[in-house]
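Each chain is listed here by its residues.
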Amino acid sequence: MKPCCYTNADLHVTSELPIPEWAAFESDRPCPQPDVTITVESGERLSRPDEESGEGGPPPLEGEGVESEKFETRLITGDEYRFHAPHAGEYWVRQGRAIHITPAPGARPREMRLFLLGSAWGALCYQRGILSLHSSVVQVGNGAFAFCGETGAGKSLLAAWLISRGHRLVSDDLSRFEVLPNGAPRVYPSSPRLKLWRDALNKLGRSAAGLERDYFRSDKFHLPLPGDEAQHPLPLAGIYLLKWGEPGITRLTGATALRRFVESATYRGDLLEPMGQAAAHWQRCAEIARRVPIWEFARPRDWTAFDAAMEKLLKHWQNVY
Amino acid sequence: MKTTIKIEANTLVQRGKDISFSQLDDELLAIDAQAGFCYSLNETAGRVWDLIATPISLDAICAQLGRQFAVDEQTCRREVTALLQGLCDAGLVQVAG
Numbered sequence: 016m017k018p019c020c021y022t023n024a025d026l027h028v029t030s031e032l033p034i035p036e037w038a039a040f041e042s043d044r045p046c047p048q049p050d051v052t053i054t055v056e057s058g059e060r061l062s063r064p065d066e067e068s069g070e071g072g073p074p075p076l077e078g079e080g081v082e083s084e085k086f087e088t089r090l091i092t093g094d095e096y097r098f099h100a101p102h103a104g105e106y107w108v109r110q111g112r113a114i115h116i117t118p119a120p121g122a123r124p125r126e127m128r129l130f131l132l133g134s135a136w137g138a139l140c141y142q143r144g145i146l147s148l149h150s151s152v153v154q155v156g157n158g159a160f161a162f163c164g165e166t167g168a169g170k171s172l173l174a175a176w177l178i179s180r181g182h183r184l185v186s187d188d189l190s191r192f193e194v195l196p197n198g199a200p201r202v203y204p205s206s207p208r209l210k211l212w213r214d215a216l217n218k219l220g221r222s223a224a225g226l227e228r229d230y231f232r233s234d235k236f237h238l239p240l241p242g243d244e245a246q247h248p249l250p251l252a253g254i255y256l257l258k259w260g261e262p263g264i265t266r267l268t269g270a271t272a273l274r275r276f277v278e279s280a281t282y283r284g285d286l287l288e289p290m291g292q293a294a295a296h297w298q299r300c301a302e303i304a305r306r307v308p309i310w311e312f313a314r315p316r317d318w319t320a321f322d323a324a325m326e327k328l329l330k331h332w333q334n335v336y
Numbered sequence: 547m548k549t550t551i552k553i554e555a556n557t558l559v560q561r562g563k564d565i566s567f568s569q570l571d572d573e574l575l576a577i578d579a580q581a582g583f584c585y586s587l588n589e590t591a592g593r594v595w596d597l598i599a600t601p602i603s604l605d606a607i608c609a610q611l612g613r614q615f616a617v618d619e620q621t622c623r624r625e626v627t628a629l630l631q632g633l634c635d636a637g638l639v640q641v642a643g
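As you go down the protein sequences, you meet chains A and B in turn. For reference, each letter of the first sequence is one residue, going 16 to 336 in the numbering used here. For reference, each letter of the second sequence is one residue, going 547 to 643 in the numbering used here.
Next up, chain A with everything else stripped away, as it sits in the complex:
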């Protein structure tokens, strides 16, 4: 099978496993010198993405942090990360340049992509010194605001609300941040999907019917989007760290800002120390924190007050931006 070529941020990637999540980054031209190659060890034909139905297959796994519970890590060094993912296979991530997958018997591409785009790509980013954080990013004017928090903090819902008000999605879930040599902070677009709970969808006036389920949570769905999502990196104007509480927006600075930023936004923090990347990661986060204001945005869990809290956010932008 001819490998697919993608340009993800500034990386040229070839992949023997088609990645429909990256359709917006696919390039027609072949990639003679890719930065990253994704290869699959297999004699079996992999099913094509359009052969997969939205539902069905093994039942989704339940529970928080299931990925790490079912994982087996084979090896972690500065240059190499090998792990076993159930129903998907063996992954070998090397030197920030190569990901090799040995599929488990009967593995489907959807499961294989899940761990490819999650832990494998996350580890590759650490190997390359790329800052990739748990964040939903939305375009506002000519720049972008990032919303950080762990799973369950409500960043996707917040992003969905903003999109329903006409803003464009830049990135959801894992977002790439960088500071250019001239000191300008920016953020890259990523695959245009939002993962939302069923009741969140309902509150936004949408139905879950026909939507692809999330792998881990049977009541969570991928929401496809209008198609005008951001295609290019955008200047990063501000970062909001999400928490539950009485509505309010508080500016954070110094050690508090950095600590809470790293705490809310780090992806697979458990990889940092074994990869020898912990100090570098904090420095990269500090570099962002130096150039981008960080606020804590508290919202109530109570639905009836959600809109009011979001209106506070919109007002905040008018003053800030």
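Worth flagging that the hints you see were computed from the coordinates, not collected in a lab. Treat the numbers as computed from the prediction; the structure is a model and nothing was measured. The beta-carbon is built from N, C-alpha and C at its ideal position, and this holds for glycine as well. Careful: at least some of the hints might be erroneous.
To give a feel for the contact side, a few chain B residues facing chain A, derived at Cβ under 8 Å [what the hints assert, rightly or not]:
id	residue
1	Glu-554
2	Asp-572
3	Ile-577
4	Thr-600
5	Pro-601
6	Phe-615
7	Cys-622
Just so you have them, the derived chain A footprint on chain B, three or more residues with Cβ under 8 Å [stated by the list, open to error]:
id	stretch
8	558 to 571
9	582 to 588
From chain A, some residues computed to sit far from chain B (all C-beta separations above 10 Å) [claimed, not checked]:
id	residue
10	Cys-46
11	Asn-217
12	Val-277
13	Phe-321
Please build the complex by placing chain B on the supplied structure of chain A, with the hints as guidance.
Showing chain B alone in chain A's frame:
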């Protein structure tokens, strides 16, 4: 693992291994990435931090600070001892030799 080491007049101290630092807003931060924590150092702590880039004794630190700041020796010694003890307990400072 942090052990309680008593800081004496002649104890040589220096910055902990693997502690990086960074300037952010008005603060000097000491970052212990492995522990997943960072500390803000105030002006005095920042000055002490500069001095302990290489091993130096408590006596020598107090002598330096006494030259730079108008502070009586006893107060200085008491405060620097407390500061170093705190930094040592937090794993930011190691005792050399």
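Hint-by-hint comparison with the structure:
The criterion of a C-beta within 8 Å of any C-beta in chain A is not met by B/Glu-554, whose closest approach is roughly 29 Å, and the hint is violated. Taking 8 Å as the C-beta cut-off, the interface hint given for B/Asp-572 holds, the closest approach to chain A being about 7 Å. Restraint check, B/Ile-577 versus chain A: the minimum CB separation of about 5 Å is within 8 Å; hint holds. Interface hint status for B/Thr-600: violated, as the beta-carbon distance to the closest one in chain A is roughly 20 Å, over 8 Å.
Violation of the interface hint for B/Pro-601 is found here, the shortest Cβ-Cβ separation to chain A being roughly 21 Å, above the 8 Å cut-off. Interface hint at B/Phe-615: violated, since its Cβ lies 23 Å from the closest Cβ of chain A, which is beyond the 8 Å cut-off. A least Cβ separation of about 25 Å between B/Cys-622 and chain A goes past the 8 Å threshold, and the interface hint is therefore violated. Remark: the stretch 558 to 571 of chain B is confirmed as covered by chain A, as 6 of its residues place a Cβ nearer than 8 Å to a Cβ of that chain, reaching the required three.
Counting residues of the stretch 582 to 588 of chain B whose beta carbon lies closer than 8 Å to any beta carbon of chain A gives 5, which meets the minimum of three for the stated coverage. Listed as a non-interface residue, A/Cys-46 keeps its Cβ farther than 10 Å from every Cβ of chain B; the least gap is roughly 35 Å. Annotated as non-interface, A/Asn-217 keeps its C-beta farther than 10 Å from every C-beta of chain B; the closest such distance is 37 Å. Listed as a non-interface residue, A/Val-277 fails to keep its Cβ farther than 10 Å from every Cβ of chain B; the least gap is roughly 7 Å.
Against the 10 Å criterion, A/Phe-321 stays outside the reach of chain B, whose nearest CB is about 31 Å from its own CB.
Of the numbered hints given earlier, the model fails hints 1, 4, 5, 6, 7 and 12; all others are met.
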